[in-house]
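From first to last, the protein sequence lines are chains A and B.
For the first sequence, our numbering assigns the number 1 to the initial residue and increments by one for each residue that follows.
For the second sequence, our numbering assigns the number 1 to the initial residue and increments by one for each residue that follows.
Just so you know, these hints were derived from the structure itself, not from any lab.
Where a beta carbon is used, it is the ideal one built from N, C-alpha and C, also for glycine.
Just to be clear, a hint being listed does not mean it is correct.
[Unchecked claim] Quick list of simulated restraints, FRET-style, between CB atoms:
no.: 1; chain 1: A; residue 1: P70; chain 2: B; residue 2: R74; range: 52 to 58 Å
no.: 2; chain 1: A; residue 1: G55; chain 2: B; residue 2: E5; range: 39 to 45 Å
no.: 3; chain 1: A; residue 1: S33; chain 2: B; residue 2: A36; range: 29 to 35 Å
no.: 4; chain 1: A; residue 1: P39; chain 2: B; residue 2: V64; range: 41 to 47 Å
no.: 5; chain 1: A; residue 1: D395; chain 2: B; residue 2: N32; range: 22 to 28 Å
no.: 6; chain 1: B; residue 1: E5; chain 2: A; residue 2: A339; range: 22 to 28 Å
no.: 7; chain 1: A; residue 1: L340; chain 2: B; residue 2: V64; range: 47 to 53 Å
no.: 8; chain 1: A; residue 1: E305; chain 2: B; residue 2: R63; range: 49 to 55 Å
no.: 9; chain 1: B; residue 1: R84; chain 2: A; residue 2: R65; range: 24 to 30 Å
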Amino acid sequence: MEATLSAAELAKRHALGSVAPAETVKQAFARASEIRAGPQGLNALLSTDREAALGAADEVSRLHREGNRPRPLAGVPVVVKANIATLTMPTSCGSRILEHYVSPFESTVVTRLRAAGAIVIGKTNMDEFAMGSSTENSAFGPAKNPLDPTRVPGGSSGGSAACVAAGIVRIALGSETGGSVRQPASFCGVVGVKPTYGRVSRYGLVAFASSLDQVGVFGRTVDDAALGLGAIAGRDRYDSTSADVPVDDYRALADRDLEGVKIGRPREYFPESLDARIRDRCDASLELLRGLGATVRDVSLPHTELAIPTYYIIAPAEASSNLARFDGVRYGLRVNAPALRDMYERTRSEGFGPEVTRRILLGTYVLSAGYYDAYYRKAQEVRALIADDFRRVFDSGVNVLFTPTAPTPAFPLGTRSDPYDMYLSDIFTATANLAGIPALSLPVGRVDGMPVGGQVMASHFDEATLFRVAYALERALGEDAHR
Amino acid sequence: MSVTEDEVRHVATLARLGLDESRIPTIAAELNGILAHMEVLSKVDTSIVGPVTGVGAAGTPLRVDGGNQIPLARPREAFAPAMRDGLLLVPRLATHEDVDVETA
């Protein structure tokens, strides 16, 4: 019975004592075992900590027995991506170079989840250092889509998305740099939210591209995602880029209609080349939203087509700097050599996989003398134009935008060998990271049996409206969201 | 613009990546393939905007120098390779004699 409960309802039952948190944790591990979530199966989970999870469950029970105030995620099992620091499992980032690295400090998001009563049961597979869109770039082998194990779960947070889709957990953490939560959410038929840049602390999130990175949340439903984000959002003194902006109650507008809400349909996200079935699913959702009282109008974000070239200059440039710290001295793998430079080079060459190596080289190239202005500076200027597109549309009175999340459903494993083809998976998602706005993907139907996600985007720090629209659409779609 | 094999070697040196010589032509071709898609940016008129380095209107936030004490789960000694007189000691570089057998 508990398998169908929302995270909020489950936490409530734990608090009431009608369900034992330890039983819930055991069920999560049983489900992981049943669907073979480990390396021999879906390869979604890289590590688990059953003993600590059961200990935490007992602690939740003890606190309730002693009359402590019920917590919003009391006893709710969660998994977190392997680039988010925890104290007891490796923060490997899906890389050989950090394979055995256990952080001496805990990320703020995990501290906050635990403070809300959640129980971290495992760390999830990911593209190495979050560089990828399929979770095929993991040093520990590809993760697989639980709906069809011959297909990718998306990426880079594919392991987290797969764990939610497979019913192991209701809530999972991932990270976003260009769509790494929303795209796997779309591929696996779950909800994924990327908050506003600065909404959630990055303390303890291993940096890929610092001006783009944000921790995101997966939920089996919109409510699960709203509950998870509410638990981790807000200013953190350990992250200077976290914003001192009040956190709304994202669940407060769950039952509201959409009277007065203005929705933009950006024409650049519905190009002629878009799969007609995906277009139809999204347009059908827009019709439902209109029926709920929203007004829908066409808008234009004219610099959208420049997002991928811009993103794939800025992100590798920042990565080339951030990943310089993995040099064999301070973290993880060290391959000895007679001289210091040789040690650096051998450690990094053996520790990093091909995609990470490619992006470090690309990033170093676009920052190097003679190319900085042509590539990096230019990309930063175009980024300003992309952000201006959104500002203009939201200033014109549009509250949210609605688009497809990804141009395709989940594709078969091993079918995207050209790097740029893979980069195009992020074509509808990277814009939100470049502009720093919040965005959410939720399932809006299936194509060839695989899920299709619809994306809602809002202006900075307006996650409340994002969730209001998502709740309403999820309710209106009902079972049609999954068929 | 196209990336030459010499430029790949130069960039690899800057990035402290030891590339096998046999991989250099492939990597040069891959980088050229990717950078060809970036050329579209050169045609965009950006004279009306300045570059942005972050996403917030207020720019990069600053904090008081000195920062916060980061709470560690274990004392520094527990995760440092070695300590002496309160200083962290990192592993010494290998000598020519032990390079083949010493890997971390």
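Hints the structure fails to honour
1, 2, 3, 5, 7, 8 and 9
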